[in-house]
Amino acid sequence: MGEQGISVDAVLALLDLAAKGAPDEHDAVVELLAAEQLDPAAVTQVGQRVRELQGAVARLHRRGRELSALFSCARELAALHDVDELVAGLVRRAHDLAGTDVTYLSEFDETTSELRVRSTAGTVASAFQRLRVPPHTGLAGKVVESRAPQWTSHYAHLRDVPHADSIDVAVRAEGLVSILGVPLIAGEHVLGVLFAANRSEHAFSPEEVALLSAFADNVAVVLQTTRLLSQARDSADETQRAYAELAQHVEAMERAGQVHEELTAAVLRGGGAADVARTLSDALERPVVIVDEHGAVLASSDGGAAAVIDSAPVRAALADSRRSGRCTMLEPRQDDFRAAVAVLAGDMVLGGLLIGDGAVELGAVEQRTIERAAQITALLTLKQDAVRYAEDRVRGELLNDVLSPDVRRHSDLAARLRARRVRPQDLRTVVVAVVAPEHRRAALRAAHVLASASGLFGEVEGVVTLVLPEADPREAAALVRDRVRAGTGVDEVLVVAARPADVLGELSARFAAVRDCSRVLAALGVGSAAVDADEYAPYTSMFAGEPAAAQQFVDRLIGPVLRWDADRGTELLNTLRHFVDCNASPVRTARAMEVHTNTVLQRVDRVTSLLGDSWRDPEPFFRLSVAVRLEGLRRRFQPDS
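With the first letter of the sequence shown counted as 1, position 467 gets the number 483 in this note's numbering; the numbers rise by one all the way through.
Check the hints yourself; a few may be wrong.
Distance ranges between label pairs, derived from CB positions [to be verified]:
1. R639 - S601: 54 to 64 Å
2. V519 - R639: 29 to 39 Å
3. V465 - V519: 42 to 52 Å
4. T624 - V519: 51 to 61 Å
5. A328 - S420: 15 to 25 Å
6. G478 - T586: 32 to 42 Å
7. V611 - E551: 21 to 31 Å
8. D363 - E126: 51 to 61 Å
Simulated from the structure, these hints should not be mistaken for lab results. Remember, it's a predicted structure, so these values are computed and weren't measured experimentally. C-beta atoms are modelled at their ideal positions from N, C-alpha and C, and glycine is treated no differently.
Please put together the full structure from these sequences, using the hints given.
This is the structure we're talking about:
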């Protein structure tokens, strides 16, 4: 600048202008230098230097704001554990830094390539806060695809990107005009887009773009760090959960191992279902009930279960367990039971285990433990059945010898009975129980309970047979019927008992009497009763040789009368029954029935028209009397027929 100089005041003023960092004040620099009477070349040179200083100072100011925002983000990152709250804080920082009307952050979904607004600052429209931008759409899509800042001074006039009606509607609702978007990039991944927008037309300067881009880089770092920390926390939590589950699994395995050891010991020492129920209940801290194939309770851990469990949901659960071979959960619980598993031996169903409510959760290990307990129960049942079968076979052979009419089989019978600890004088009353073949095994088990102490039992000629010390045949029949019903879980049980025998040699005849009586009653359709065979001795004598002939006899003698009553709802059979009881006297019959004599005569005439004129002759009348009494006997046990 040669001889020219600048005053100290001018130098200080120039330094003040440079310190402001406002490049748009170059006119003030020119005016200040002109006042110093410098030549134009010097003014230009000094002005250029001052503007460079202003730019540098402005960059330092911007960097200071960036660093301040970054430090704030770092403090928030250290203090906050909620990602949503952290993102909201970052958007507020960007809003303050950019100084625009609206600032928002959209998160990029790499799976769908959608951008979803995550957080906003300065927005008023609720719809904008839920905005989703489809792939390759709008200014946001252009930012993601280019991975570089994109902006527009008037969004409505933007033509080089595809528009979507949903986005345009949201932008108009918010009143946005000028929008600047910068990408949030971490490594090779776009995390999202940070937007700064105004509700008026505005041309974004390079400094504004650079400032928001620099902050976006910081935000990307913070977001990526937050994601990694969140993933680390999730991994730690998952590891903790895995350790907890492992500890529970180890505990369950130890419990299962202990149960297995105890159940194995029970098998070796000859234990039974009660040992299984108690051991499993102690391990699971739940009540356990063991039932046979018909629902009859064999053992209960608390001793409070019913004699028979006949619940449709429980039956269905056991049936499902039979098919799958696995423990079946009852949801919702039924009859206080939460799980059921069938006790199987190959294709043979031996019963089931029912598990109630309790403290220990029935996880996979616990369910396998229950299934193992069911297998142990099957082994115990088979073992006990084998022992019982061996004993029962010996006693069954004794029973067959006792009841055989072949006297050669009676030799040394008393001694053989005493060898089995059966006193001959206790064998007095013969009882037979007729049940369906599928229930015979359970009926024999019930008979074992009744007769094992002081009697004999077994299967003789296809029916469950017992010889008991009871003296009253009716009481003996009722006792056996009740026990067999409980043991089989069915009501259709026909039990016939004979009068007591005085000596062993009479038992064979007593068995023949109860066997024949049961066959005649069964042929008449009587399936559920407890009777004394002597009461039906006349009918047994008549039809024992051919039990099916009993019903045929009834149909042949009074079938037309029965059909007439069935079709018309009349009482001809009832009238015939009283007529027979009153020795064919119409007057006595009318008195017994409390009707007029003419009514009885009219009904007798109707019977004559159905059966013919000879039905009142002595021999036909005797036969008709037997048929009427047989039908009455049948209806006594089947009142609905």
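Any hints this thing doesn't respect? Which numbers, in order?
-> 1, 3 and 5
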